[in-house]
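Enquirer: Residues per chain are reported as follows:
2 protein chains.
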Amino acid sequence: MTQIELARSDKLSPEMRWAARDERLSPDVLKERVGRGSIVLIKNKKRKIKPCVVGEGTRTKVNANLGTSRDKLSLKKELKKLQIAIHYGADAVMDLSTGGDIKKLRKAILEHSSVALGTVPIYEAAINAQNKKGHLSRMTADDILDVLEGQARDGVDFFTVHSGITQAVLSRLKKQRRLISAVSRGGSFLIEWMMLNKKENPMYEYFDNIIEIAKKYDITLSLGDGMRPGTIADATDRAQIQELITLGELADRARKNDVQVIIEGPGHVPMDQIEANVTIEKKMCGNAPFYVLGPLVTDIAPGYDHIVGAIGGAIAASHGADFLCYVTPSEHLRIPDGNDIREGVIASRIAAHAADIVKRVPGALDWDKEMSKHRAARNWKEQIKKSIDPAKAALYRKSSIPKDKDVCTMCSNYCSMRTMEKYFK
Amino acid sequence: MTQIELARSDKLSPEMRWAARDERLSPDVLKERVGRGSIVLIKNKKRKIKPCVVGEGTRTKVNANLGTSRDKLSLKKELKKLQIAIHYGADAVMDLSTGGDIKKLRKAILEHSSVALGTVPIYEAAINAQNKKGHLSRMTADDILDVLEGQARDGVDFFTVHSGITQAVLSRLKKQRRLISAVSRGGSFLIEWMMLNKKENPMYEYFDNIIEIAKKYDITLSLGDGMRPGTIADATDRAQIQELITLGELADRARKNDVQVIIEGPGHVPMDQIEANVTIEKKMCGNAPFYVLGPLVTDIAPGYDHIVGAIGGAIAASHGADFLCYVTPSEHLRIPDGNDIREGVIASRIAAHAADIVKRVPGALDWDKEMSKHRAARNWKEQIKKSIDPAKAALYRKSSIPKDKDVCTMCSNYCSMRTMEKYFK
Chain A
430 MTQIELARSD KLSPEMRWAA RDERLSPDVL KERVGRGSIV LIKNKKRKIK PCVVGEGTRT
490 KVNANLGTSR DKLSLKKELK KLQIAIHYGA DAVMDLSTGG DIKKLRKAIL EHSSVALGTV
550 PIYEAAINAQ NKKGHLSRMT ADDILDVLEG QARDGVDFFT VHSGITQAVL SRLKKQRRLI
610 SAVSRGGSFL IEWMMLNKKE NPMYEYFDNI IEIAKKYDIT LSLGDGMRPG TIADATDRAQ
670 IQELITLGEL ADRARKNDVQ VIIEGPGHVP MDQIEANVTI EKKMCGNAPF YVLGPLVTDI
730 APGYDHIVGA IGGAIAASHG ADFLCYVTPS EHLRIPDGND IREGVIASRI AAHAADIVKR
790 VPGALDWDKE MSKHRAARNW KEQIKKSIDP AKAALYRKSS IPKDKDVCTM CSNYCSMRTM
850 EKYFK
Chain B
430 MTQIELARSD KLSPEMRWAA RDERLSPDVL KERVGRGSIV LIKNKKRKIK PCVVGEGTRT
490 KVNANLGTSR DKLSLKKELK KLQIAIHYGA DAVMDLSTGG DIKKLRKAIL EHSSVALGTV
550 PIYEAAINAQ NKKGHLSRMT ADDILDVLEG QARDGVDFFT VHSGITQAVL SRLKKQRRLI
610 SAVSRGGSFL IEWMMLNKKE NPMYEYFDNI IEIAKKYDIT LSLGDGMRPG TIADATDRAQ
670 IQELITLGEL ADRARKNDVQ VIIEGPGHVP MDQIEANVTI EKKMCGNAPF YVLGPLVTDI
730 APGYDHIVGA IGGAIAASHG ADFLCYVTPS EHLRIPDGND IREGVIASRI AAHAADIVKR
790 VPGALDWDKE MSKHRAARNW KEQIKKSIDP AKAALYRKSS IPKDKDVCTM CSNYCSMRTM
850 EKYFK
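Protein chains in written order, with this note's numbering: chain A, 430 to 854; chain B, 430 to 854.
Calculated from the structure, these hints are not laboratory results.
The reader is advised that the hints may include incorrect statements.
Identical copies carry no separate label here, and so any pair may be met within one copy or between two of them.
In silico lysine-lysine, DSS-like type, Cα no more than 30 Å apart, as pairs [what the hints assert, rightly or not]:
1. Lys440 - Lys628
2. Lys821 - Lys506
3. Lys604 - Lys475
4. Lys627 - Lys802
5. Lys685 - Lys477
6. Lys509 - Lys562
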């Protein structure tokens, strides 16, 4: 039985018991939410990991994307990147490899990952068709389902499926036009297939078969947003919302069949449209957890898109988004290296935590209070220990040691906290 | 005459004319707002620089703090930091030096700064008292006014004056208690003075004299927030709001006397209290421009506080804050170096721009649209040129050149934008 099925049968699984403890929720509340689908426990039945708990009232989670491209395809480097992502606190990773032996890469990452692993199976299916049949347009629905089944068997915990890109969506995209038509890589594979074959999206047509595979392994379906805007000028347009309507219907179908589901969201979105995006996702998709990429609140900062994504992610999460896909400084410029991954994970974790404070996630504010207590006392050892990245904080501190060891070199002898201590005990 | 006086006499000064052109506002609208005080043109009469235009309907501006402490007091390094701040786009700088020959430092920075320069004159007054009289408690109102007059004569463009810390504020602070009593350095000097002398704040008592000096040189008064919370747990408390009430009254007094005024704001503030902070500032201070430090939306990320501040700054500005004081990665750990200054300025500029898009600041969205047009066309030269930090974008691009020169190494041959171009022209 899948977790949602168990919850609906009023059974508390060991995974639910662990998740309730870890999230400081009552087991009954958690079970009820898993049953309704507002919380998912992401974990393939075959995998021996802690589930990634995503949804209503839980800590906002962070995903880090890994993976090769034709230009950068070292397995060793991917495993190193995986290690960095987990070390800095990613709650899940996605292997988005499109270069090299992607099957072998995925298996190696799965083997080494202690956190939930997601994939976009259409990549493998499209690349197979390209390599074996000469063009991705020759890919069949069976080719896609075979890849899904193979990846499920390997132990992948969640699948992005772009099942919401229908011909109706594409006709709206054509009619309205965009500055950048589509930036979803998985989406672009399917769109090309649909344009050339003039047929409906096979991942929409065969969604029941996808459900079947997901159910067998308790894979969480992450309904992908192929119409994710690639510039804030295109955000929240009719193509994007048309797809989201379909994703809501597909989410219902998945849950009716006891399959856990989350919804992927934009993308490039100006600050004043983020709340609306979260609200309509929650409403139209029956409170399915919302998994957002960024969102990026401006297009003009390549090299700093982790900061742009942290602004958008914090706002999205504060309005109810549940799962943040990180953005690294290398976005729009190159495939990320280890340092980019560190910066991306930390920036997203900051956004997630800032939102968790205002979401009243149990324990979130305590972290800030404890840090502040040590800050007031100028207890540097504990401040560094409590930092989101203790190594970086320690490095900064060590690089600039003041004469008076209890202050810092910003204010030195004029430390306001030290002065105030004399008068306010 | 000061700019506000000119505007009220229906005179369009060269500064107003320039500001209207630069901000794409009609000169009459700008003049009316300067007259009401919802826009200020920050510039000492004696200085030959463009004014820093802050307020209603104008581009959100960014300030970078510079300055020495006892532990770090190289004049050469400060001038280098000034150069970096201006190069990366700071609209104003503040010299917060407390170490070395601070008079000489300030004069050198003034001489080299092409942007508006602010100071916190109480630093110099308190340090003088400490050095010449043995303790800051021996500082007199005249000592403070002399320093203000001297700095005004030197050409400082705006002054932070913590005139709102009254005994009434301190009694509320004592009654309610805080995790961190006060983190404003200027505030802490005055609080110590008030606690030891058991007298009212001289910068409150002699506010009319401060107004007089400001008027003579058309210095903008930045009413400082000595009760700025130093942890999100202390945000928006009675001490902070009590001070803000007083700042509103002082702002009225300044403007009645034809002195331009802005209000300083927090500090450490959780995401869901930022809008309220902006709203009450605007309401209680007669729409005086709001100058916020951060705000920082969590306390747990030393080493990354530029990101924390970008989240808070973007939210504050989107709700109407006008002027962002940057926060650097070194905040809470050390005095910033050149690299910290670059990161701080860029992070704040990203926050300001993201907010300007939703504030509908003329031209803001055009930048994003142009970037996106070049992105869709994979025109790397123009994308880099349009980036907020072209040098960093170029470095990333050069570090990872793909086989196909028109894409990037993230997706390489599977670039969605290139694929889509075939089907959506």
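Enquirer: Which of the numbered hints are not met once you compare them with the structure shown?
Expert: The structure breaks hints 1, 3, 6; every other hint is satisfied.
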